[in-house]
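Engineer: Based on the hints, put chain V in the right spot on chain W.
One line per chain: the protein sequences are W and V, in this order.
Once you know that position 101 of the first sequence is 100 in numbering that gives the first Met the number 0, the rest is easy, because the numbers rise by one and skip nothing.
Once you know that position 382 of the second sequence is 381 in numbering that gives the first Met the number 0, the rest is easy, because the numbers rise by one and skip nothing.
For the record, the hints were derived by calculation from the structure and aren't laboratory data.
Check the hints yourself; a few may be wrong.
Over the 10 Å line for every Cβ pair with chain V, so calculated as not near, a few chain W residues [what the hints assert, rightly or not]:
1) Thr54
2) Thr67
3) Gly81
4) Arg110
5) Val168
6) Ser436
7) Ser511
8) Pro547
9) Gly551
10) Leu603
11) Ser634
Listed next, the in silico EDC-like pairs over lysine to aspartate or glutamate satisfying Cα-Cα at most 16 Å (straight line) [to be verified]:
12) Lys296/W - Glu336/W
13) Lys538/V - Glu323/W
14) Lys541/V - Glu323/W
15) Lys492/W - Asp381/V
16) Lys143/W - Glu564/V
17) Lys576/W - Asp184/V
Cβ coordinates follow ideal geometry from the N, Cα and C atoms, glycine included.
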Amino acid sequence: MRIATDIGGTFTDLVYVNDKGEFGFAKAHTTPPHFEKGVINVIDQSGIDPKSIETFIHGSTVVINALTERKGVKTGLITTKGTRDLLEIARGNRPDLYNFRYQKPTPFVERYLRFEVEERLNYKGEVMTSLNEEQIKEALSFFKKEKVEAIAVSYLHSYVNPIHEQKTVELIQQLWPEVAVTASHEVTKEWREYERSSTTVFNSYVKPIAASYIDNLSIKLHEHSVNGNNYIMQSNGGTTTFEQAKQTPINMVESGPVAGIYGSAVLGEILGEENIIAFDIGGTTAKCSLISNGKVKITTDYYIEKSERTSGYPIKVPVVDIIEIGNGGGSIAWIDESGSLKVGPQSAGSTPGPVAYGKGGTEPTTTDANLVTGRLSKENFDYEVDLEKVKAAVDEKIAKPYDTTEEEAALGIIRIANSNMLNALKLISVRKGYDPSEFSLVAFGGGGAMHAPALAKELGVKKVIVPVASSVFSAWGMLMTDLRHDFIQTHIKRLKEVDLTSLNGEWEKLDSQAVSQFKEEGVEENRIMFSHLADMRYLGQEHTVKVPVPTGAWTRETLTEIIERFHHLHEQNYTFKLPDTPTEIVNLHVTAFGKVDKPVLQKLTATGRSLDAALKEKRNVYYEEEGWMETGIYSRDFLEPGMKVEGPAIVEERSSSTVLYPGQSLIVDDYGNLIVHTGVK
Amino acid sequence: MLSQTKSEINPFTIEIIKDSLMSIGDEMFYALARTSMSPIIYEVLDYACGLTNAKGKLISQGNGVASFIGMLSPMVESVLERYNDGKDLKDGDIIIINDPYVGGGSHLSDVGLVMPIFHKGELVAFSANKGHWTEVGGKDAGSFTTDSTEIYQEGLQLPGVKLFHEGNVNQAVVDIIESNVRFPDLSLGDMWAQVAALKTGAKRFIELCDKYGKDLVEASIEHLLDQGEQLARKELTKLPIGSFTAETYIEDNAGGPYKVQVKVTITDDAFICDFRGTHPQVSTPVNCSYYGLLASVRVMYLGVIRPTQNVNDGFFAPLKIITDERSIVSAERPAPVSMNFEGRICGAEAIWEALAPVTPDRLTAGHLMSVCSVVLTGNHQDSKDPFLIVEPSVGGWGAGQGMDGARGQFCMGPGETYNVPIEVAETRYGVMVDEYNFRCDGAGAGEYIGGSGVIRSYQALSDNQKLSVIFGRHKFAPWGMKDGESGSPNYVFIKKANGETDGPFGITARYPLNKGDVVQLVTATGGGYGNPYDRPAEKVAKDAKNGYITLEQAKETFGVMVHSETFEVQDLTFERKNRKSE
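Bound conformation, chain V alone:
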């Protein structure tokens, strides 16, 4: 056990307060999900809620999208900075902010709300949340632009202004939002749900202070943050010391691919990610700001550290990030950032690729990497109402030591995110889902096989639909590990009603679809782990029986001859039998 904070305080009381703080984060999270108006929040859970201390240090957070873990505290810190170190914040204020280039920023669609919590007139904590709004205006529906050249095309910018002033709503801000977004009911509905969640968090925190006294609550928070830091440092000592490098690429239509390079240096007490040498910022929206990168790197760092506890700011003490100025992973105004997740997840994945060979107990081979986001707009064939799909896609994860890769799972950025059921999609949107199955292409072969990607096909049921997608990892397939084969890339393919086809491609903006046209959204199969010849023959036969691989692949790639009807192992190939063992 770690060293205890010595004090006169009963250690069990501290634990009880700590538990209460944890459950406040959860309570805010569920309250928001259940009251949200838009699928991207209630179905995809693309948001986060949490509490920070008075200095903006994260205390507790409800689970949702993994990347958001790193955003709440920098967001509160930037609000503190903007409001004169917090001196200009009043009881009952709520700040609204979506600036991508300052603390907590990602892209304009992620709108943050911050509420200072006062106890007996003193600023004691913040409740904060950030949610992906379906709409914040801009040139494209869904505020989702795959071809913007500067931020001004991407939507309404909210630079940390007061939405509430001492408990009174600032109607001017609400009116501005209402007239700048395409589906004001959805966006404002979500905003009120966010406000309600913040108030719940604040109320619970004040109750806690009333019950135990502010000092004891603050002591518990300090204790909690200390514990987090100590845990992270302890875990750090289990990692190999040294410098590890990797290079990878952010893909783009207009130009690119753009190099991302990282040197990860692990010492006894630091985890340093140096991105210097990475491509400069570009005029397409795959850039991310430093704070966007920070959020994803934090997720990656936690994936390496593997916390068994709820995460707080203490965990991040050993983490340092270095970038050049104005690089594609540290972009500054007015660089477009609508698709920033492509840049920041790629940055994080570079760390993954650098460390996987030396931490095979923690990290797997490469996965689909891209959020594989899909935006489809049009009018419903029956109601004629406009509809808007904004959704990430599931795909294959890499195999790892002792395990096959996961099939059909969202990439590392989203986490506790849910796909949209076919029955829900067909009711709400003007589409028919012709297929939602695994892509069994046999890629990612290995002793452990990469997880299958997925094919999801939308058939347009009305004319004049428009499709925008960004499927990164289209040119580069997920990488294999320890002699495992690489997976297969993400792609999009169009089959038109008139028999024409288009694709495969990775990125498109406002591609027109008419009634009967089908778009196939195909995601990557993950990389394999280990030599395919080391996969036990019975497992290979079962893979063939399950249709994950063909009989041909069983023989050629895995060296196992499988009976075409009984799916029993018949023999091993000459090559497999006579392979020189290493």
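Chain W with its partners taken away, still in its complex shape:
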């Protein structure tokens, strides 16, 4: 038995698969601050025998919560002499251009806890000034006095040569073994000292929190007779062991959300679809990511708390490249001061929630609009829905100001929400040079299936896949993951002049780093798979393009091929190439997978039931072009492989609904997935 548990804001989801390849799922309430309780509850609720669990995979928001709620520990920073204030100077930018009262994000380490020591490397990694160990000792005794619980060490050019950071960490561990410590090279080997320091500080700041969380969880699991292998979901779309997660908890900053993206890639592989747009709508946000040729994209260009008006904090760890916008089921519709209708990013959350919940919400949300237009029914809710109250809210807040009907206003909310989401979907596809007609869209999360068919049509996507149990698809994705580690090393070299021996040496170094890490985690060598990427650019440019490169040793021919590939990718992404301009490598990126045995998906058998058996009711649904239309409502539980549903129609399941427009249709495939044909030719 393999199980995955994913802790969300409201629910803790569980999905399991047994040895026969049969899936099941359960949901329990999330139980802050003792999240492990919710995990045990959901295991109990699922009815599976804890002793049968061989693999336990876990996604958690503990790290992101500790960061956004400022619940980490008191952290000290040790930096190179002359750079004490680097964390606070940051990049000096002021994104809120016309706000002369702009305040920079407050650094996580106050100035008096930022300590300089004498040491210096040059840009080549050569030691210019040796490390002054006495000053480290002074720093430590000061930190002790100040009751610091974690230390971050970040020196200039340590991405080229970590020697001084390593020595510093050794000394700290010798003198003060209890304190949590992180050196910058342990979390990222990319250049740019502010971004690297920020990442290092965050890792230290959450390290004790993550460690006690993971320890508690493993004790609870053990008490509950769950004694299999335990893994944590990381932001890069792979898993790691509990032990490793305690060392670099910052790698789990986007632990949950990325699993659904990875799951989409896996589902695509099973269904023979290489090009996928993964699309997830939850209660407060919508997320999307593009998967090309079966590959999930990874980036280290990740920030928290960044917006158009504030610069946020960078975290340079590998994260699945996701665009997230504040548009979910609970997003509030409002009219701004210029009289424009907006949806989100403010969300009604789960309390008070949409007006429909009847828990005191007064502001109309996307969910309420879906109810007014008949896309959702009162029966879809756990709560008693007062439809008149919902209509009144839409009427009062939106319809009246625009002098229109309540259904037009509700549809307006849906259209604005869709427009926001469409912009996000375009951002990852057309605007990066991908043709949506060559992609299929996998829709999941509570609201994914409701909006996806309309959005896909607008975007020019022909096919939408609504997976089985789409509302817990992220947890499903976790079940299908491998262990994964990403190693990124800044290594700036012009391609034409590159010394192949030394470059191949660098690759080997990264590969063997992966091998030894996996060995520590008990993964056999024959289970390790590599993929290599090079971040490349034209000489003089700053931003790079990720180019897939061969995993073996490079030859002169490889170089020519890689340069060609780069030109092509640059043109695809940015509309032009510069064939005469020299190209440069900036980063070497090794992705290493520790492959695990995964369940084989079972095909369902059809009983020969008629479609009518699945028809629940007919109700009126309001569409953009046609207005009110009588629409068949089907229960997904009664659909079986081969059945075809013609739009307009709605397929309802627990926690989700698929809305088909007139002219659209869907077919149930052999695994029970809904395959929607959007009407795009």
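Structural biologist: Showing chain V alone in chain W's frame:
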């Protein structure tokens, strides 16, 4: 909510088109940043991209340097004027322009491209961008002259000629640029990136017209501009009515300081900035043209209006600017303008100083004011390749009502601009950054304290490097507000390898640096707000613990005695205790 545009059009469709227009500006912006060849664009983001309607009115713009917000629409208007009201523009044309004295002009380094967008044969809009090129030729590397006397020394002038004619590149123009600039790869690389961004904008706009029809798109644009104007007028009514004046100075090496004076008159429906009486234009490059001033005044105006929406031309309807002819803030050919940002930001800051006392909820005490630009050239010690640093500096901002000043932030002119990381600088340039820390001088004391300036020290790693800087606000420190103390001035100081020192000074041209010489670039600490005695003692103790002030300053300036080891408050001074409350 504001009055709606009544029409038969579905109001939600208009919103959707509006959103699409906004995202086009953003898309152009990011496309350009990611493909640029030069640090001044990709790291400093010293450029802007946007769309205007067929008359040149700005519809949407990607964020970048704040000052550019005011430049795109006048630039398009001047292109319209030059090409017979647009009648001589053809589908596929792209115009290149850097004339400082006409609409959208600043200095030669800011090169603008304008592309008319045609839909079914009709001119419907423009996509436009403007970027700071690392090089446009002229007498000094980086086209950055602190001692030019007329524009002809400052670089190549591109008076709004066709770079593309009906889709075909005008190779003659490209060849002229190539032979007139020092790093043609960088400049032309950026030019192609600009062209690509323009084409992206045009393509998206045409798609929008195809989808919704041209009429609906135009109606949405009108609606958008109307909304902007109404928002600005509404905000204007919240400002105090009256006339407010201030005097300030543009600093210079050769002469000066030159007086800038302004009278800001706020009425129910107008915001008038009258600069008459300001010093005449001078023969050093701190002049700005009227259009340079316009760009900075627009930023200042927006800082007062504080738009919560994306800015478009409608917002500027109430704004009027009056100047004398040929003044230092309305200079005409052939006045040198290479350092024009000193003049125009000073003009804008005069408005700031005039209005801050009456709008303390919107404006803070004085900030570093100057872009504090640094140009360093030389050869890399290892590769021997020539290198060129062109960068602004971060410094301190003033404190304000309820807030300490920001530490280490670019001045008002740049906005979404990024400093160059030490590791990047040391890899590319022949320098070592010995220090990049706050300047904790305790200046700008107040109930709320001014933000610290910054010290950035470059050690030359090869001989024959040349440094040009212009650090304005060198003679006059940023002003304090409501009894807050003034901050400290910007300066540059040289420590040579042989032990000699030079400075402090504010401006220099091609100062020679040899291996081992160190230049300290020190920026201003911002002005304080309120009486220092009103700063809570615990905060003063924390300031001392953090090293922003000394124990001595805690006692003398703030009247708080702080323990030298525990940093706990011990007592208040006699003066603080017995201060007569007002």
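Engineer: Which of the numbered hints are not met once you compare them with the structure shown?
Structural biologist: Hints 3, 4, 12, 13, 14 are the ones this structure does not satisfy, whereas the remaining hints hold.
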